[in-house]
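Peer 1: Mapping of the sequence shown onto this note's numbering: position 303 corresponds to residue 1070, and the numbering continues sequentially without gaps.
No wet-lab data here; the hints were simulated from the structure. Computed from a predicted structure; not experimentally measured. Careful: at least some of the hints might be erroneous.
Calculated lysine-lysine pairs in the DSBU-like style (CA-CA distance at most 30 angstroms, straight line) [what the hints assert, rightly or not]: (1) Lys894 <-> Lys805; (2) Lys971 <-> Lys1019; (3) Lys894 <-> Lys924; (4) Lys805 <-> Lys1010; (5) Lys894 <-> Lys1019; (6) Lys924 <-> Lys819; (7) Lys1019 <-> Lys805; (8) Lys1010 <-> Lys971; (9) Lys790 <-> Lys894.
Computed spacing ranges between beta-carbons, pair by pair [unchecked claim]: (10) Arg921 <-> Ala839: 32 to 42 angstroms; (11) His964 <-> Tyr863: 54 to 64 angstroms; (12) Val888 <-> Val1021: 10 to 20 angstroms; (13) Ser1079 <-> Ser1011: 24 to 34 angstroms; (14) Glu1063 <-> Asp915: 45 to 55 angstroms; (15) Pro870 <-> Pro1045: 39 to 49 angstroms; (16) Gly821 <-> Glu1063: 15 to 25 angstroms; (17) Leu1047 <-> Asp915: 27 to 37 angstroms; (18) Thr1017 <-> Gln976: 15 to 25 angstroms; (19) Gly1030 <-> Asn905: 20 to 30 angstroms; (20) Asp915 <-> Asn1048: 34 to 44 angstroms; (21) Arg796 <-> Val922: 13 to 23 angstroms.
In this text, a Cβ means the ideal position worked out from N, Cα and C, and glycines have one as well.
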Amino acid sequence: MLSSTEKLVPVASTESDGSTVAKSSLRVRLHRVDRTYKPGEIIEGEILVFAKDGWRHQSFTVGLLGQMTLYAPKEENSVLGFSYSMRELQRETVLYVEETPLPQCPQYFPAGETRVPFSLVIPDNHKMIETHHGANVNVVHEIRVTVDRGSFSRVLKSAYEFVVENSVLGKQVDLLQDTTEHEFVLRSNPGGSQDGHTFRIKGKLHALQADITRPFTGEIIVEESTRPVHSIDIQLNTVETIKSNSESQTGKSVVQVTQIADGDVCRGLVLPIYFIFPRLNVCPTTFTDMFEIRWEMEIVVTFDDLVHVQESFPLFLLRPETM
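Between the sequences and the hints, there should be enough to build the whole structure, so can you do that?
Peer 2: Shown next, in the form of structure tokens:
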């Protein structure tokens, strides 16, 4: 679906310092500010074409591209005392390609800026994978514009990423509303540590099947600790598994850390857990033939001697279909 072209009065583009731009370029601008769409929705926007000295073209194409890149996690290496981690590109797959020429686009662009409106439909695929930028799994959805100006001029290209949200998972999973509270207890070993430190910390998480659009809640209580508490944190981790033939590799990385308490806390005081999922850094729990994206929530309690105790809980994240 393409809208008619409305050409505005060309205006010479300038940089912030007042100097004229030295070369022709393309830029995509969407009408929706948050750039977030669902399968089957229409993307509307305009292409800003800056033509230096004016030129003609042979073809003007705009399209959609969905691409998935998988990296095999590798162990950390050390060189001259500096540690670093390496990622090995394992697979790059095109999920879909939609290209459409703009027949009503003017054949000649005069010097200056011309705005070309466009309208595209995202493929209505219930198995479409959401946008995800992880350490080992990267799923990108882009608008790509290509202008062929002939053999003696360079081809102009521009790519602009938009976000795709999909409420249906890649693997059919029985989604039941999980309202069960999950209790946990962190305690010292019988007899305490070598310095005699004993502690008991309990809490509960209101649900381990979480709505990605709502806060994750719970509570934690320091019942006993012979040493002062330095901090209490809740940490969201992503666990990405890359599948290759009959083998699989799994890597875990930290997405976000939220501090619940800074410094020592009163014994027996109920501390609320209120965690907001970062919209651009999380996606629903996903299972495909090539990879898996799972999540876990980790409670970390650090004492004044910087010794810490922690416990992890597997999360099942989902996106409601009503949104």
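Peer 1: Is 15 to 25 angstroms respected by the C-beta to C-beta distance linking Thr1017 and Gln976?
Peer 2: Holds: the Cβ-Cβ distance is about 21 angstroms, inside 15 to 25 angstroms.
Peer 1: Do Asp915 and Asn1048 keep their Cβ atoms within the hinted range of 34 to 44 angstroms?
Peer 2: holds, 37 angstroms
Peer 1: Taking the Cβ atom of Leu1047 and the Cβ atom of Asp915, is their distance within the range 27 to 37 angstroms?
Peer 2: holds, 34 angstroms
Peer 1: Against the range 13 to 23 angstroms, how does the distance between the Cβ atoms of Arg796 and Val922 compare: consistent or not?
Peer 2: Given a distance of about 21 angstroms, which is inside 13 to 23 angstroms, the answer is holds.
Peer 1: Starting from the range 20 to 30 angstroms, see whether the pair Gly1030 and Asn905 falls in it by beta-carbon distance.
Peer 2: violated, 38 angstroms
Peer 1: In this structure, is the beta-carbon distance linking Gly821 and Glu1063 contained in 15 to 25 angstroms?
Peer 2: Roughly 57 angstroms apart at Cβ, these two residues miss the hinted range, so it is violated.
Peer 1: Quickly compare the C-alpha distance for Lys894 and Lys1019 to 30 angstroms and report which way the hint goes.
Peer 2: Given that 30 angstroms is the threshold and the Cα spacing comes to 25 angstroms, the pair holds.
Peer 1: Holds or violated: 24 to 34 angstroms for the Cβ distance of Ser1079 and Ser1011?
Peer 2: Since the Cβ atoms of Ser1079 and Ser1011 sit about 26 angstroms apart, the hinted range of 24 to 34 angstroms holds.
Peer 1: Mind checking the hinted window 32 to 42 angstroms against the Cβ distance between Arg921 and Ala839?
Peer 2: Given a distance of about 35 angstroms, which is inside 32 to 42 angstroms, the answer is holds.
Peer 1: Would the hint linking Lys1010 and Lys971 be met if the CA-CA limit is 30 angstroms?
Peer 2: Given that 30 angstroms is the threshold and the Cα spacing comes to 34 angstroms, the pair is violated.
Peer 1: Sort out whether Lys819 lies within 30 angstroms of Lys924, counting only the CA atoms.
Peer 2: holds, 15 angstroms
Peer 1: In this structure, is the beta-carbon distance linking His964 and Tyr863 contained in 54 to 64 angstroms?
Peer 2: holds, 56 angstroms
Checked against the numbered hints above, the structure violates hints 8, 9, 12, 16, 19; every other hint is satisfied.
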